[in-house]
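K.L.:
Sequence:
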Amino acid sequence: MQEQDRSEEATPHKRREARKQGTVAWSPDVYAAAAVGTLLAILVMGGAFLHADLAALWREMWLPGRAEASGPQQLAAWSAAVAWRAVLVLAPLWIALLLVSLAAGMLQVGMKWTAAPLKPDFSRLSPANGFKRLFNRRVLFEAGKSVVRFLVFSAVLYHALSTLLPGWLPLPVMAADRAGKEAGAGLILVLQRLFLAMLVFAIVDWGWVRRSVMSKLRMSKRELREEIKRRDGDPRIKSRLREIRLLFMNKIRSVSRVKDADVLLVNPQHLALAIRYKKDEMAVPLLLAKGEGELAERMKEIAHHHQVPIMENRVLAQKLYKDAEAGQDIPDQHFEGVAKALIWAFRIKAGNVPVPGMRQRWTS
Numbered sequence: 031m032q033e034q035d036r037s038e039e040a041t042p043h044k045r046r047e048a049r050k051q052g053t054v055a056w057s058p059d060v061y062a063a064a065a066v067g068t069l070l071a072i073l074v075m076g077g078a079f080l081h082a083d084l085a086a087l088w089r090e091m092w093l094p095g096r097a098e099a100s101g102p103q104q105l106a107a108w109s110a111a112v113a114w115r116a117v118l119v120l121a122p123l124w125i126a127l128l129l130v131s132l133a134a135g136m137l138q139v140g141m142k143w144t145a146a147p148l149k150p151d152f153s154r155l156s157p158a159n160g161f162k163r164l165f166n167r168r169v170l171f172e173a174g175k176s177v178v179r180f181l182v183f184s185a186v187l188y189h190a191l192s193t194l195l196p197g198w199l200p201l202p203v204m205a206a207d208r209a210g211k212e213a214g215a216g217l218i219l220v221l222q223r224l225f226l227a228m229l230v231f232a233i234v235d236w237g238w239v240r241r242s243v244m245s246k247l248r249m250s251k252r253e254l255r256e257e258i259k260r261r262d263g264d265p266r267i268k269s270r271l272r273e274i275r276l277l278f279m280n281k282i283r284s285v286s287r288v289k290d291a292d293v294l295l296v297n298p299q300h301l302a303l304a305i306r307y308k309k310d311e312m313a314v315p316l317l318l319a320k321g322e323g324e325l326a327e328r329m330k331e332i333a334h335h336h337q338v339p340i341m342e343n344r345v346l347a348q349k350l351y352k353d354a355e356a357g358q359d360i361p362d363q364h365f366e367g368v369a370k371a372l373i374w375a376f377r378i379k380a381g382n383v384p385v386p387g388m389r390q391r392w393t394s
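Per our numbering, the sequence shown starts with residue 31, numbered consecutively.
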């Protein structure tokens with residue numbers, strides 16, 4: 031599909047599905063900036079304690095302990111002691127950097143973990159596809175971004191170190207406390223400048239990556255309509271289902287009117303039609319309700335319960351069911367048959383025709 035056809039923003043559903051597949055906006059520069067910022071904060075806020083530890087470590091490395099390690103065993107023991115002390119000094123930094131890196135990742139991609147990006151994609155083995163990926167716009171942009179990042183960070187480090195180098199050259203001959211303070215102050219200065227540069231890169235890169243992901247997830251109008259159909263159903267089918275449901279509910283409500291009928295005309299196994307006629311109220315008989323199958327059986331039960339006469343006439347019931355709807359007058363062509371059924375029902379109600387169960391078979 032042409033890129034220009036995708037004029038619609040991605041729906042929340044599509045964004046969720048993309049996240050499940052690992053398509054999210056994340057930038058490695060955010061991790062790097064968070065790590066450097068954390069290291070800088072620890073150096074600034076815990077400076078006094080860290081300076082003391084660094085001074086002690088410096089003392090272990092440069093003062094008499096090393097000179098006394100004249101043999102291999104003594105040198106190994108001294109090296110192990112210094113290494114262990116370095117681990118103790120740097121362990122809080124490592125733990126803090128790990129936690130901040132995890133937090134930076136969760137802020138970018140959330141808590142959901144997915145293995146979808148790790149699944150093998152054999153289409154990547156195609157030389158043609160590989161050549162296209164090698165020279166597409168995104169790869170060229172990433173390469174240019176890496177070059178700019180390297181040049182900027184190198185310039186920042188060069189400027190900071192060139193400023194500090196004259197003061198760092200005498201560190202090996204300085205007193206341990208002073209050497210630690212000088213080294214710590216210089217490190218803070220380098221990290222400050224580096225952090226500012228990395229923060230700018232992280233903000234710009236994350237914004238560009240997010241814009242690229244949202245552009246990739248954009249949808250055409252056709253895709254949007256198809257997603258709505260998959261999620262909510264085809265509007266035409268939903269409309270038809272509403273019509274069927276409404277029709278069924280109307281039939282259910284009409285069944286309750288069977289008790290007001292004067293006669294129930296049935297095709298014994300399938301159909302039932304409730305007919306009412308009041309000479310003083312209506313000119314022609316009225317079809318109160320009709321039903322088939324289970325609905326017809328329910329109408330028969332109601333008729334029995336309310337002492338409504340039931341007339342069996344297969345031919346008339348089938349024709350009337352086809353030609354009339356509930357709530358409508360009886361069609362002219364069925365007047366004669368319906369009139370006979372009503373006369374029979376009125377005689378039963380008057381007690382003139384004692385029929386057990388008030389049920390009569392009759393064919394016209």
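Incorrect hints may appear among the rest.
List time: in silico DSSO-like cross-link candidates among lysine-lysine, alpha-carbon distance up to 27 angstroms [as the list claims (entries may be wrong)]:
hint : residue 1 : residue 2
1    : Lys-246   : Lys-281
2    : Lys-308   : Lys-246
3    : Lys-308   : Lys-50
4    : Lys-289   : Lys-259
5    : Lys-309   : Lys-352
6    : Lys-349   : Lys-330
Quick list of simulated restraints, FRET-style, between CB atoms [stated by the list, open to error]:
hint : residue 1 : residue 2 : range
7    : Leu-226   : Leu-123   : 46 to 56 angstroms
8    : Arg-240   : Val-178   : 45 to 55 angstroms
9    : Lys-379   : Glu-324   : 19 to 29 angstroms
10   : Gln-348   : Arg-266   : 54 to 64 angstroms
11   : Ser-109   : Glu-172   : 23 to 33 angstroms
12   : Leu-170   : Lys-259   : 30 to 40 angstroms
13   : Gly-323   : Thr-53    : 50 to 60 angstroms
14   : Arg-240   : Arg-179   : 15 to 25 angstroms
15   : Gln-299   : Phe-365   : 24 to 34 angstroms
16   : Ala-380   : Lys-289   : 15 to 25 angstroms
Rather than coming from a laboratory, the hints here were simulated on the basis of the structure.
Glycine residues also receive a C-beta, built at the ideal position from the N, C-alpha and C atoms.
K.L.:
Each hint needs a verdict: does it hold in this structure or not?
P.N.:
Hint by hint, here is what the structure shows:
1. Lys-246 to Lys-281: Distance ~51 angstroms between Lys-246 and Lys-281 Cα, so the pair is violated.
2. Lys-308 to Lys-246: Status violated; Cα separation ~72 angstroms.
3. Lys-308 to Lys-50: violated (69 angstroms)
4. Lys-289 to Lys-259: Violated, because 44 angstroms separates the two Cα atoms, which is more than 27 angstroms.
5. Lys-309 to Lys-352: Holds, at roughly 25 angstroms.
6. Lys-349 to Lys-330: At roughly 19 angstroms apart (the allowed maximum being 27 angstroms), Lys-330 and Lys-349 satisfy the hint.
7. Leu-226 to Leu-123: 46 to 56 angstroms: Once the Cβ atoms are compared, 20 angstroms apart, the range 46 to 56 angstroms for Leu-123 and Leu-226 is violated.
8. Arg-240 to Val-178: 45 to 55 angstroms: violated (19 angstroms)
9. Lys-379 to Glu-324: 19 to 29 angstroms: Given about 28 angstroms between the Cβ atoms, the range holds.
10. Gln-348 to Arg-266: 54 to 64 angstroms: At 32 angstroms between Cβs, range violated.
11. Ser-109 to Glu-172: 23 to 33 angstroms: Given about 42 angstroms between the Cβ atoms, the range is violated.
12. Leu-170 to Lys-259: 30 to 40 angstroms: holds (39 angstroms)
13. Gly-323 to Thr-53: 50 to 60 angstroms: Because 52 angstroms falls inside the window, the suggested range holds.
14. Arg-240 to Arg-179: 15 to 25 angstroms: holds (18 angstroms)
15. Gln-299 to Phe-365: 24 to 34 angstroms: Given a distance of about 26 angstroms, which is inside 24 to 34 angstroms, the answer is holds.
16. Ala-380 to Lys-289: 15 to 25 angstroms: Holds: the Cβ-Cβ distance is about 19 angstroms, inside 15 to 25 angstroms.
Violation of the numbered hints given earlier is confined to hints 1, 2, 3, 4, 7, 8, 10 and 11; the remaining hints are satisfied by the structure.
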